[in-house]
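Novice: Anchor point for the sequence shown: position 36 equals 36 in our numbering, and the numbering is continuous, going up by one each time.
It should be emphasised that the hints constitute simulated quantities derived from the structure, not laboratory data.
You may find that some hints are simply not true.
[To be verified] When the alpha-carbon atoms are kept at most 30 Å apart in a straight line, the in silico BS3-like pairs for lysine-lysine are as follows:
| id | residue 1 | residue 2 |
| --- | --- | --- |
| 1 | LYS67 | LYS128 |
| 2 | LYS161 | LYS197 |
| 3 | LYS180 | LYS225 |
| 4 | LYS67 | LYS17 |
| 5 | LYS225 | LYS255 |
| 6 | LYS67 | LYS21 |
| 7 | LYS246 | LYS17 |
| 8 | LYS255 | LYS128 |
| 9 | LYS113 | LYS190 |
| 10 | LYS180 | LYS190 |
| 11 | LYS113 | LYS21 |
| 12 | LYS190 | LYS128 |
| 13 | LYS198 | LYS180 |
| 14 | LYS128 | LYS198 |
[Said to hold, decoys possible] Pair by pair, the computed Cβ-Cβ distance ranges are:
| id | residue 1 | residue 2 | range |
| --- | --- | --- | --- |
| 15 | GLY93 | LYS21 | 41 to 51 Å |
| 16 | TYR234 | LEU40 | 53 to 63 Å |
| 17 | ASP237 | LEU40 | 45 to 55 Å |
| 18 | ILE44 | MET18 | 27 to 37 Å |
| 19 | PHE55 | ASN87 | 31 to 41 Å |
| 20 | LYS198 | ALA68 | 37 to 47 Å |
No residue lacks a Cβ here, since even glycine has one placed at the ideal position from N, Cα and C.
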Amino acid sequence: MGENEKKTDYGNWVPDKMMRKMWGAAGVIFLLWIINWIFLRSTIFAIIFGFFFLFMLAVSIYMQRCKAIFSFEKGGLMGEIHEYLVNRLPYNGDGTLLDIGCGAGALTIRCAKRFPEARLQGVDYWGKEWNYAKEQCESNAAAEGVSDRVLFEEGDAANLKYPSESFDAAVSNFVFHEVKTQPDKRLVVKEALRVVKKGGAFAFQDLFGMEALYGDMEAFVEELKAGGIQEIHYIADIERLGFVPKFVQAPWMLKGIGIIYGIK
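Modelling step: build the complete structure from the supplied sequences, incorporating the hints.
Specialist: Take a look at the structure:
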């Protein structure tokens, strides 16, 4: 591992805060089981707490394993998913690129390395539930040697402050479904497309296979075409393509991943 890699901190899609809560809950339930089994001699409650402890323990171990798989330093799955998106972005690297929901800057920086002539903008709201921050993005960009071409700022994916047709390309990864300021996720997609120049490139990955969020995606793609998008492709169920481990392909983890990409 190189010196720069040691300085980066891209976080994880399984937040540390959540894991601490899960392991803490498992510990509390274990103590309740001990109290009821050894001290109170309550067989019924001991069985109940024992069951919940085993359940919580199994869930915590599962999530810890997922966290390791996602990690950039260990399993590398987050990086593979980013790479899949960038490989489908029909962009020649000229001009400006926007990363919507940049998190810790991992995708933004990957694009900066792939397109060395581009200038990049990362935008995120950096909510408290995620272990991400603007300063973290800037530190990662400096460690990777691309800070001279990358700018990060706070913003709302549902109401981007940029004028229409501001960027030559736009990307986003697993962000739209998290946007709380707009319940209609189709409108979040349209907002992302709004800031792309006519003839510009885009590639967005999200839980497009979830009908509760996006409805009929084939119909939505046709709607976008009718709205003036020159070229658009949709690939469903990316998690089944071979690089996502089977045990991660669960409804509460990575299920229904899709990508839309093309030219506006």
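Novice: Hints first: check each against the structure and report whether it holds.
Specialist: Quick rundown of the hints versus the structure:
1. LYS67 / LYS128: Holds, at roughly 19 Å.
2. LYS161 / LYS197: Roughly 15 Å between the alpha carbons, so the hint for LYS161 and LYS197 holds.
3. LYS180 / LYS225: Between LYS180 and LYS225 the Cα gap is close to 26 Å, so the pair holds against 30 Å.
4. LYS67 / LYS17: OK: LYS67 and LYS17 at ~12 Å, within 30 Å.
5. LYS225 / LYS255: At roughly 26 Å apart (the allowed maximum being 30 Å), LYS255 and LYS225 satisfy the hint.
6. LYS67 / LYS21: 14 Å, holds
7. LYS246 / LYS17: Given that 30 Å is the threshold and the Cα spacing comes to 25 Å, the pair holds.
8. LYS255 / LYS128: Roughly 24 Å separates the two Cα atoms, so the pair holds.
9. LYS113 / LYS190: 27 Å, holds
10. LYS180 / LYS190: Holds - the C-alpha atoms of LYS190 and LYS180 are around 16 Å apart, at most 30 Å.
11. LYS113 / LYS21: Judged against 30 Å, a Cα distance of about 36 Å means the pair is violated.
12. LYS190 / LYS128: 26 Å, holds
13. LYS198 / LYS180: 28 Å, holds
14. LYS128 / LYS198: The given pair, whose Cα atoms are some 35 Å apart, is violated under the 30 Å limit.
15. GLY93 / LYS21: 41 to 51 Å: 42 Å, holds
16. TYR234 / LEU40: 53 to 63 Å: Given about 58 Å between the Cβ atoms, the range holds.
17. ASP237 / LEU40: 45 to 55 Å: This hint holds: roughly 50 Å between Cβ atoms.
18. ILE44 / MET18: 27 to 37 Å: 31 Å, holds
19. PHE55 / ASN87: 31 to 41 Å: For PHE55 and ASN87 the Cβ distance comes to about 39 Å; the hint holds.
20. LYS198 / ALA68: 37 to 47 Å: The hinted range 37 to 47 Å holds for LYS198 and ALA68, with Cβ atoms some 43 Å apart.
Violated hints for the displayed structure, listed by number in ascending order: 11 and 14.
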